[in-house]
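Each chain, written out:
Protein chains: 2
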Amino acid sequence: MIANTPKPPYYAVIFSTLRTSDNEGYDEMAVKMEELAKKQDGYLGIESARNDLGITVSYWESLDAILKWKNNAEHSVARKKGKELWYKKYQLRICKVEHDYGFEK
Amino acid sequence: MIANTPKPPYYAVIFSTLRTSDNEGYDEMAVKMEELAKKQDGYLGIESARNDLGITVSYWESLDAILKWKNNAEHSVARKKGKELWYKKYQLRICKVEHDYGFEK
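For the record, the sequence lines run as chains A and B. Our numbering puts the first residue of the first sequence at 4, with every later residue one more than the last. Our numbering puts the first residue of the second sequence at 4, with every later residue one more than the last.
Everything labelled a hint here was simulated from the structure, so no lab data went into it. All figures in this text were calculated on a predicted structure; none of them were measured in a lab. You can take every hint at face value.
Covered stretches of chain B, as calculated for chain A (at least 3 residues, CB under 8 Å):
no., segment
1, 9-19
2, 45-54
3, 57-63
4, 91-99
Result set (BS3-like, lysine-lysine): computed pairs, CA atoms no more than 25 Å apart in a straight line:
no., chain 1, residue 1, chain 2, residue 2
5, B, K92, A, K108
6, A, K91, B, K10
7, A, K73, A, K41
8, B, K10, B, K42
9, A, K108, B, K84
10, A, K41, B, K92
11, B, K73, B, K86
12, A, K10, B, K71
13, B, K41, B, K71
14, A, K108, B, K86
15, A, K42, A, K99
16, A, K92, B, K99
Not close to chain A: a few residues of chain B, all C-beta gaps over 10 Å, as computed:
no., residue
17, M36
18, A40
19, W72
20, N74
Note that beta-carbon positions come from the ideal geometry of N, C-alpha and C, so glycine has one too.
Whole structure, please, built from the sequences with the hints as guidance.
Structure follows, in structure tokens:
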């Protein structure tokens, strides 16, 4: 779903990924990390889609909240496994959302 | 593919969408708009994925480049059709990319 974020400014982490063919444990870990992210201070929402390319955007109140999530112990273990097993290539971009607008029918 | 962007700072437009069931003309327009975006001054790259939710992130050198693309005549026609026909809901977020890093096996 589209994340219900507050008025800017807030922060976005754009995580763009190409997967390996190794799927073992990936789905379980992805669910677990999303659940864990939601419990972090400063978490605002998450959006995810995948075809060949996967894009996950998580939204945060501050750079400090992003840094704390990066340093979370369970998340660090997951990131290490991601590099070893699940990701062929990724790019992570940390952004300040300056403007936003929406549309709904 | 993952966009080959330069060192930050640069800008990202995160376009998160939920589609209607009306597909007529959508794929053609999406291809046309991506081709047109690539020709704009200040364009840096694009990434796209869709399941139920679609996420397209385009990257730009400056806010001015984003504004010029927004005001492009053909793009304005496409956006109007998007609201009328193809999108049930969307959120567009304009962001300054402050940091990024990548990984490749």
